[in-house]
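Residue numbers (our numbering): 1 to 260.
These aren't lab readings, by the way, just hints derived from the structure by calculation.
A portion of the hints provided could be inaccurate.
[As the list claims (entries may be wrong)] Between beta-carbon pairs, the in silico distance windows are:
hint: 1; residue 1: 46; residue 2: 146; range: 14 to 24 Å
hint: 2; residue 1: 25; residue 2: 46; range: 30 to 40 Å
hint: 3; residue 1: 79; residue 2: 223; range: 47 to 57 Å
hint: 4; residue 1: 224; residue 2: 24; range: 38 to 48 Å
Backbone N, C-alpha and C fix where the C-beta goes; we use that ideal spot for every residue, glycine too.
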Amino acid sequence: MPAEIILQQTPDDIDLLDKRERLAAVRTLLAEREAELAQLRAQLKTFEGRYLRQVGILYAELDDIEARIAEREVDLYDSESARHRAEEARQRAQETHDAAFADAREAEEFDPPPSLKTLFREVAKRIHPDFARDDAEQKHFTLLMARANQAYGRGDIETLQHLLDDYREIHASIAGEGAAAEMLRILRQIQHGERDIANLEAERHTLLASEIAQLHLEAEAAAREHRDLLTELATNLREQVADARYRLDFVNRQVSAQGR
1 MPAEIILQQT PDDIDLLDKR ERLAAVRTLL AEREAELAQL RAQLKTFEGR
51 YLRQVGILYA ELDDIEARIA EREVDLYDSE SARHRAEEAR QRAQETHDAA
101 FADAREAEEF DPPPSLKTLF REVAKRIHPD FARDDAEQKH FTLLMARANQ
151 AYGRGDIETL QHLLDDYREI HASIAGEGAA AEMLRILRQI QHGERDIANL
201 EAERHTLLAS EIAQLHLEAE AAAREHRDLL TELATNLREQ VADARYRLDF
251 VNRQVSAQGR
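Given these sequences and hints, build the entire structure.
Written out as structure tokens, the structure is:
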């Protein structure tokens, strides 16, 4: 840039330029964190689906048989402790079943309520990339729209409302087109971006600490040893299911022998 143009810049101009650069850096980092978290979510979702298909359904089958054994033992012993064990076993079986078949049930049951559809339309009217004023804002709106689509897909009203409130705080509550108004809008956007980055980091740490993430790490370690951890777990569970079926048959014969 020519020296005479630099000399014409006021401290306010330089400060505004600095804040624009800071906002661009925050948005770039936010996009990177969004992409990393989306990849982690997808990776764990895929692994969880495989786990549920190979292992989760066997846990559900095993717990159901154990509950049936406990319920037949009520007929055999007719005691309060036996009834209590049966109730606990059936509750555990129901929880295991719900966990194993949650994805299929949610896919069948998901029907966005009118309030969610209305809120999503309100958000889209404001942050759709087609409404961006420049290339930088178009990239940012594309990121926000992706976040809105994901929130809508999982019925997350809170995130959609959060996106709408942020837009209103930045664009509706700060009027004017001068440098002061632009500076205030940029400062708000930097603040929101840094907050969102912190929230994404917190979610990432929570995901990595989850049971499915820990199991995924164990599966990756096993794969490096040319082992399939989920197949091993499934094989072990099939043996337990076979044993549980034998015990159920034995209890049924005992009940039948007593004429109950």
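Hint check results:
1. 46 to 146: 14 to 24 Å: Check passed, 19 Å falls within 14 to 24 Å.
2. 25 to 46: 30 to 40 Å: This hint holds: roughly 32 Å between Cβ atoms.
3. 79 to 223: 47 to 57 Å: Once the Cβ atoms are compared, 48 Å apart, the range 47 to 57 Å for residue 223 and residue 79 holds.
4. 224 to 24: 38 to 48 Å: 40 Å, holds
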